[in-house]
Amino acid sequence: MSRARLSQWWFIGTLAASLLLMLVPLPGVLEPFKPYWPALVLLYWALESEDRVSLGLAFGVGLFADLLDGVLLGEQALRLCALVFITVHFRSRLRFFPMWQQALAVLALLLNDRILLLLVRMLAGASLPPASWWISPFVGAALWPFLFLLLDDLRARLRIQ
Amino acid sequence: MARAREGSSPLFAGNAAGTLRLIVYLALAVVLMVLDQRNGWLWQLRSAASAVVEPVYRLAGLPAAGVRTLGVAFADRQLLTSQNQRLREDLLLANAKLNRMAAVAEQNERLRRLLDTQHSLKLNVQLARVIGVDLGAYRYELTLNMGSRDGVEPGQPVIDAHGVMGQVKAVLPHTAVVMLITDPSHAIPVTIARTGLRTVAYGSRDGDQLSLPNLPLAADVRVGDKLLTSGIGGRFPPGFPVGRIDSVAPAPTGMFQVALATPAADLDRSTDVLLLHDQAEPKGPPDLPLPAGPPQDLAPAASASGSAPAVRTGPAGGALR
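In order, the protein sequence lines correspond to chains A and B.
Heads up: the first sequence begins at 1 in the UniProt record's numbering, then just goes up one per residue.
Heads up: the second sequence begins at 1 in the UniProt record's numbering, then just goes up one per residue.
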């Protein structure tokens, strides 16, 4: 029973850590390189244990992230919902992709996420972001194999479902 | 402990129920966004949830603070010494300047009091620290470790040692978010120090410059001109440095000149900032001037020279005729 609880806490812990990482700033030059951590972690869990990740959970995490982030309530909820829906929809295929193809798929998902964000911000009246703003999805995709292996390895060590 | 996975993930999951749920959630998110955009609920919600939100900010700010502490801990002794030396010299210079200015400032104060204006050279400030938190608005925001409990209010100007940084945009009980002057949706009324030309400086899209998009073609603006706050609009007190002009060029339309300026303040390096407490001027037009002449308490004493003005006002009033 405690193992189930441990796995539950591990799941919540990774999500909380991703939200915290989202808030931690990078030094000025590296700032545009910061990947969108909550999306990556949610993606991992959506691929690996689907019964935990639902649209409702993505919505909840997104709302909480918005509460922390303070740009627009519902913005990240929308983005994460779209991301999780697409992932779950193609889950069976994504899971059996080789790693480089999976990383490409993640890149497409993250780019889609940025386009959604741009759309929302433009409608909300913000100005066009600088070109360096588009680097982040590529960094996220490049980090994906490492993040995936790290989380998978930790999960195997902790013997968590 | 094997979980039942069968059925939950069909190979071709194209069921309508999932899509319907997605549409419902997306619609909910859109409704929330529109309502928030109209009513600004998010900040009310955040101050209600500040007990949760603020510790998270402090936690997220720890790495940045840690890096700073490590930087000091492992800094070269020589570096620290030279830095200390430089700061001492700066302080000496500043003090010398202040001493020279003190007499002028006093005179200025007296003259202004004579004119009965509300401008003051005194500063009523509060020191605040920057928390290293990235709130997702590109790089146009700053988070401070003081909030409404410390008397911070939205709209307060924020400055550092070199110039204006921005204004407080929203407050939580112990946190305040500052909108920087380089935010594209921020505008600050400025005057060009050399010529006195008044204009407005907007944030630029790149996020580290100011743009002055509508200078008259005939205006005398040169590279290197300093920008000061003009005090018009009542939000920023007059006379604070804002930036320095980098480039001047005619606008594509040919109707105006466009100038770009670098902010005077260290927007991305300051760790300590000052919150100004003087709200510059009351809004709206100034009160009607009181009857002319020096104010009552400054009027010359009746015994000493009181007779001279009395003689002069007598005939002007026409009471003798």
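It is worth saying that the hints were derived from the structure and are not from the lab.
Hints are supplied without guarantee of correctness; some may be wrong.
Claimed, not checked - If you anchor each label on the Cβ, the simulated ranges turn out as follows:
(1) B:74 to A:30: 14 to 22 Å
(2) A:52 to B:161: 46 to 54 Å
(3) A:27 to B:51: 26 to 34 Å
(4) B:76 to A:30: 22 to 30 Å
(5) A:122 to B:234: 27 to 35 Å
(6) B:94 to A:33: 20 to 28 Å
(7) B:76 to A:52: 48 to 56 Å
Glycine included, C-beta positions come from ideal geometry on N, C-alpha and C.
**Item:** Violated hints, by number in ascending order, as checked against the structure
**Value:** 6
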